[in-house]
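Protein chains in written order, with our numbering: chain A, 1 to 328; chain B, 1 to 335; chain C, 1 to 409.
Rather than coming from a laboratory, the hints here were simulated on the basis of the structure. Be aware that a few hints might be false.
Derived, one-sided and incomplete: chain B residues facing chain C with beta-carbon distance under 8 Å [claimed, not checked]:
(1) Ala48
(2) Gly52
(3) Leu134
(4) Glu235
(5) Arg263
(6) Leu293
These numbers come from a predicted model, not from an experiment. Just so it is clear, CB atoms sit at the ideal spot from N, CA and C, and this is done for glycine as well.
Next come the chains, spelled out residue by residue.
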Amino acid sequence: MSDKPHLGREHGQHLYRQMLRIRHFEAKCAELYQAQKIRGFLHLYDGEEAVAVGIMETLEDRDSVVATYRDHGHALARGLPMGPLMAEMYGKVEGCARGRGGSMHFFDRERRFFGGNAIVGGGLPLALGIAMADKEFETGGLAACFFGEGAAGEGEFHESMNLAQLWELPVLFVCENNLYAMGMPLELAEAETEISRKAAAYRMAGEAVDGMNPVAVESAARRAVEAIRAGNGPYFLECRTYRFRPHSMFDAQLYRTRDEIEVWKERDPIPRTLAWLQENAMITPDELAAIEAEVEAEIEDAVAFAENGTWEDVADLEKFVLMDEVQA
Amino acid sequence: MNEQTGTPGTNRMTYREACRQAIRHALIDDSRTFLMGEDVGLYGGCYAVSKGLLQEFGPGRIRDTPLAEAAFVGAGIGAAMAGMRPIVEIMTCNFSLLALDQIMNNAATIPHMSGGQFAVPLVIRMATGGGRQLAAQHSHSLEGWFAHIPGLKVLVPGTIEDARFMLKAALADPNPVLIFEHIVLYNEEGELDPEVEEVDIAKARVRRPGSDVSILTYGNSLPKSLEAAEELAKEGMEAEVVDLRVLRPLDNATIFDSVSRTRRCVIVDEGWKSGSISAEIAARLAEDVFFELDAPIRRVCSREVPVPYAAHMEEAALPQVGQIVEAARGLVGAR
Amino acid sequence: MMPSLGADMESGKLVKWLVEPGSTVKKGDVIAVVETHKGAFEIDIFQEGTIAELCAKEGEELPVGALLARIGAPGEKPAKAEPAPPTVEEKPAPPPPAVEPPAPPAEKPEPTGSKAVPAKAPAGRAGRAKISPVARRRAGELGIDPAALEGTGIDGSVTLVDVELAASRSRPAERPGPTSSEKRRAGFDPDQMRQAIAAAMSKSKREIPHYYLSTTIDMTRALGWLEAYNRERPPEKRLLPAVLLLRATALALKAHPQFNGFWEDGSFHPGEGIHVGWAIALRGGGLIAPAIRDVDMLSPGGLMEALRDLVGRARAGGIKGSEMMDPTVTITSLGDRGAESVLGVIYPPQVAILGFGKVVERPWVVDGKIVARPLVAASLAADHRASDGHAGGLFLSAIDRHLQEPETL
């Protein structure tokens with residue numbers, strides 16, 4: 001599976017656990033959505049866990065993250081605590097955005113999580129700006145910007161790519177190519193379907209990577225981050241992946257076949273990583289059981305936290321339309 | 001009457017189905033017409049409006065686009081200028097912002113700026129509105145905003161009949177016409193009058209006659225206003241509910257006539273209050289119906305906040321029946 | 001339960017069950033296929049157990065949240081096969097409350113908007129009175145100073161009706177009536193009303209030469225017809241005796257128009273229609289007699305509805321000014337609370353007022369024999385300037401005749 005060296009036991013289990021947390025969290029979200037605890041739109045990350053987990057391994061606290069409406073995996077991998085995420089989806093004031101954003105709009109200032117965004121391509125210009133500040137204030141940090149391959153159709157994508165390269169901004173562009181923009185297959189949307197080649201058109205460094213392999217993603221990300229921190233400008237990573245669930249809950253998937261999904265499921269990063277760990281004696285049954293138990297417990301606690309949460313006072317509806325001050 | 005879906009032999013259908021039939025018949029009637037937008041073909045439409053149409057008409061008439069609003073709206077404009085009759089679908093008005101330059105600076109402007117040489121017979125359909133907990137970036141009501149722009153026509157079908165027949169009139173119009181379909185109305189079901197085969201896109205319509213107050217409204221605020229009128233009737237107050245139907249150009253005659261008779265007016269508009277279409281209507285009433293007014297004009301609009309996700313907060317942010325009743329009641333005197 | 005799969009999913013059709021009672025299921029198993037406007041979806045389950053009961057039928061359309069199936073603990077036997085109706089809730093519907101035809105006039109709770117005290121000479125900014133645009137214009141036309149008026153509009157503003165009422169008050173042939181509830185939508189001021197009634201009644205007695213006639217009417221046929229009519233109808237469609245009295249009077253007025261109209265400017269002006277003012281006692285001691293328009297043209301059912309609506313609105317304070325101005329004649333019926341006969345006082349500028357007393361069982365002579373019959377005393381107080389006793393007698397006889405043929409009402 002992996003051709004990269006030095007994947008220790010601890011790290012291997014860590015990658016596995018991080019992906020498993022996301023997978024089980026998403027399953028719980030699906031259940032709660034059908035029971036109408038979570039409302040509005042819900043976009044789940046099943047199948048793509050290796051991308052968020054692999055990338056986040058290489059980021060530091062001083063780095064920033066910009067995500068899309070499919071942001072659960074990124075938020076969890078970045079370290080946002082699960083309780084406030086669940087509470088956010090319940091609409092409770094203890095949520096990470098006071099219940100105002102819901103599933104598509106997780107925010108966390110402390111962890112420099114600059115939001116899930118519901119407008120495709122809408123986050124890229126933001127990442128540019130954050131990177132500009134990093135450069136200006138010499139923080140050494142970078143902005144990791146996640147988006148789907150559908151964003152490559154939007155003007156904002158091209159404008160952002162050009163500008164980032166032109167101004168040598170420390171941006172890590174992570175394109176999660178899962179082959180479908182809602183119902184739009186890649187080959188019908190892009191004249192150039194090799195997304196990573198678009199970076200070359202802007203003279204930006206970049207590569208394509210197997211997004212179903214967390215180790216491969218992490219390795220590529222390390223290369224990218226090293227280059228960015230060395231001051232070489234932005235880097236583009238096309239992570240080739242697949243989403244196992246529909247675009248959102250209310251999607252009848254008329255645009256793809258069951259067979260195709262099954263084929264991709266054979267490359268499911270979670271069981272494959274587990275199999276690899278087991279084959280290489282890097283995990284014992286007890287350790288595995290412990291991981292699963294801890295993940296279940298964490299999710300149960302998060303649901304309880306959300307259930308016990310409270311509703312924002314309607315009288316506060318207009319609070320933060322305008323800010324009184326800029327936080328330090 | 002109800003091909004492909006719905007109960008055969010009846011005129012009963014949903015608003016969604018009415019939209020679908022409108023597109024179907026447009027494609028059947030005019031070979032220059034085609035539908036273009038994101039996920040309209042393979043996916044069947046984000047709101048299932050175009051379900052089955054790709055199978056019926058093929059990819060030349062039902063064109064799926066990449067996520068590229070500025071590009072495909074602009075392309076629609078160009079195609080219209082060059083003799084085609086495109087129906088462009090922007091998934092929701094929230095994404096129309098990405099195409100605002102094309103809509104304002106090209107579609108609305110070129111006919112005038114070219115000295116009348118190039119008409120833009122384009123129809124753009126968009127879903128609009130809030131009430132489904134889709135949070136701030138997916139819950140806008142921008143039809144009032146677009147109604148500010150000269151060169152555009154703005155339609156807001158609030159009934160199934162209008163959903164069914166406004167498209168045809170829009171396609172026949174030589175100007176760029178924007179049609180806003182409220183997301184909450186898609187599931188509404190009703191009976192079409194078999195005698196009606198077309199509607200105008202110029203007039204407002206009195207949906208409920210009354211003598212004590214005029215409630216001017218459109219879109220998803222129409223059913224709320226009708227409900228409010230029933231509440232008010234129990235208190236002996238007969239409200240006249242006027243469905244604006246067209247936000248640009250506004251039907252002054254119907255609006256002025258109604259308010260001149262009732263002498264009191266409540267405007268219900270899902271846009272944010274400041275600078276909204278309700279503000280425009282209130283200004284016109286103050287200008288032209290001033291001496292008939294027996295009470296100040298009242299407006300029920302969305303609170304001026306980005307629409308929040310949590311159910312109770314969203315409800316507080318959007319216009320509700322109780323607020324309409326309260327506004328009307330407050331116009332008739334000391335309590 | 002029927003799951004919510006989307007923000008705008010309201011219902012779904014259960015197309016196919018993929019399990020049956022007794023099937024063992026675990027988390028993630030697909031148990032059914034549901035069709036929605038977006039397409040077909042497989043429904044998977046989040047529990048382990050055994051299917052105890054399938055509550056929804058294939059082909060059934062159900063709202064989100066409706067019960068689809070019951071799951072028992074693993075290994076549990078399914079419930080005995082009985083066609084379980086799909087229930088959203090299982091409480092039996094409460095038995096419909098027994099509804100009686102409302103006794104006239106139905107008691108309603110007092111309107112909560114207490115007495116409205118109109119501001120005197122309301123001041124806006126900088127001491128200016130608030131006057132609505134149309135009120136100001138009308139005041140100009142009528143030569144009235146609007147700033148001197150009491151405003152009953154919002155913020156104490158002077159409104160059109162304030163100006164028009166002020167103008168009509170200063171006209172010679174005044175139509176006082178009790179205080180118009182258009183001025184006080186939420187309620188009435190009992191003291192003011194009493195004063196208004198006192199003023200009107202004094203004026204009436206002062207100026208109108210009243211004469212009085214009365215007759216006793218056998219209500220057997222009318223009440224019998226009523227009972228048969230009502231027996232076949234649900235409570236909300238039943239008629240009160242008042243409807244028959246109103247109709248009989250209205251039809252009699254058609255033949256005797258000198259009792260339907262106004263005495264103004266020294267002569268009689270017949271009413272343009274037969275709009276009967278129906279006296280309604282209000283809780284708290286007020287009395288108003290707003291009009292039911294065109295009583296001669298209403299069917300009994302339509303008249304009952306109009307009556308119910310009017311009384312309801314009168315109690316809630318929702319009577320319009322026009323309804324107060326309109327009556328061409330007034331009827332007061334004390335119903336079963338009052339005395340056996342009523343001698344009314346005419347509301348100027350009307351020229352007649354009919355009174356109906358309580359229906360009582362009394363001895364009556366039929367074919368030379370004494371029998372007990374339901375009788376009502378009908379009385380007429382009329383303006384001697386507009387009519388005389390002979391005409392009055394004929395008028396009352398006409399009412400009696402109509403009540404003997406209730407099927408023609």
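Enumerated hints in conflict with the structure, sorted upward: The structure conflicts with hint 2 only, although it agrees with all the remaining ones.
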